[in-house]
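Visitor: For what it's worth, this note's numbering labels the leading residue of the sequence shown as 14, then goes sequentially.
For the record, the hints were derived by calculation from the structure and aren't laboratory data.
Remember, it's a predicted structure, so these values are computed and weren't measured experimentally.
Wrong hints could be hidden among the right ones.
Claimed, not checked - No farther apart than 27 Å at their CA atoms in a straight line, the calculated lysine-lysine pairs in the DSS-like style are these:
id, residue 1, residue 2
1, Lys119, Lys101
2, Lys267, Lys101
3, Lys214, Lys119
4, Lys40, Lys101
5, Lys267, Lys247
6, Lys255, Lys36
7, Lys267, Lys255
8, Lys167, Lys40
9, Lys207, Lys36
10, Lys36, Lys165
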Amino acid sequence: MYHGIVFFDLDGTLLNQDSVLTKENQKALADLEKNNYLPVIVSGRAPWEIETLLGASNQGNFVSLNGQIVKVANELIYEAIIPTETVKEVVAFSGDLQHSLAFYGKADFKLTFVDQAAERLFALDNVEILQVQPNFYQEQAIHMLYLFSEEKSKDFDYQQQFQHMLTMVRDSPYSMAMTAQGNSKKTGIQHLLKAIAGDSKLTTYAFGDGNNDLPMFEIADYSIAMANGTEEIKAAADFITKANVDGGIVAGLKHYGLI
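Kindly produce the complete structure, drawing on both the sequences and the hints.
Guide: This is the structure in structure tokens:
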């Protein structure tokens with residue numbers, strides 16, 4: 014049995030500004046495993062993105078799409094799908110407000126159209142904008158919706174319209190993630206812990222920088238915010254480490270004596 018589990022967000026946390034896992038952080042993950050701590054990725058990113066970004070450091074343990082797909086040792090242990098009728102309603106509502114929407118399936122994502130907010134978010138995350146396919150949700154099961162909007166004042170409208178169908182969290186100035194009702198990084202972690210530890214108690218640590226990491230901080234025994242994180246995440250943290258581009262992961266792990 015592991016001494017504990019360490020949860021890592023990716024963008025703004027484990028990855029640098031170019032969405033790269035640095036050699037320093039690769040070594041930190043390897044050192045954690047040598048010390049009998051299990052590193053787990055907990056991200057809004059899709060499974061195929063996590064696998065690509067981590068490369069050889071990927072051990073197949075992750076909570077992806079903000080809790081919608083969970084894998085342990087590359088084995089699928091949980092997945093949630095947003096009902097097609099709900100997706101259809103979001104497509105119509107976002108279209109009326111002229112907001113772009115991305116559909117995340119199991120192995121790909123498509124957009125309704127490309128707007129400025131989408132371009133800015135994908136540039137921030139160093140992601141290539143793929144094919145526009147407005148009817149993608151009619152052909153494949155959708156695990157997460159990603160709304161692109163810089164109009165934060167409109168977030169309330171979405172909450173009012175879909176609060177009984179979806180869980181929504183604004184995770185950047187340009188976007189809001191939408192998952193199945195009640196699902197979050199926290200619920201994804203709960204599924205993962207059940208699969209790994211059963212009823213045993215393992216000490217858990219969580220590193221994050223954004224507001225979609227708040228549910229993860231709720232369940233972790235020790236929460237570590239990056240210095241580059243939002244004010245909300247730093248206020249919720251047990252410890253604030255250095256920025257993601259300034260050795261923050263290593264500093265945080267050393268603070269708790271994990272490496």
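Visitor: Give a verdict on every hint.
Guide: How the hints compare with the structure:
1. Lys119 <-> Lys101: holds (18 Å)
2. Lys267 <-> Lys101: With Cα atoms ~47 Å apart, Lys267 and Lys101 exceed 27 Å; violated.
3. Lys214 <-> Lys119: violated (31 Å)
4. Lys40 <-> Lys101: violated (44 Å)
5. Lys267 <-> Lys247: This hinted pair holds, its Cα atoms lying about 19 Å apart.
6. Lys255 <-> Lys36: holds (17 Å)
7. Lys267 <-> Lys255: holds (12 Å)
8. Lys167 <-> Lys40: violated (43 Å)
9. Lys207 <-> Lys36: violated (31 Å)
10. Lys36 <-> Lys165: Violated, at roughly 37 Å.
Hint violations for this structure: numbers 2, 3, 4, 8, 9 and 10, all remaining hints satisfied.
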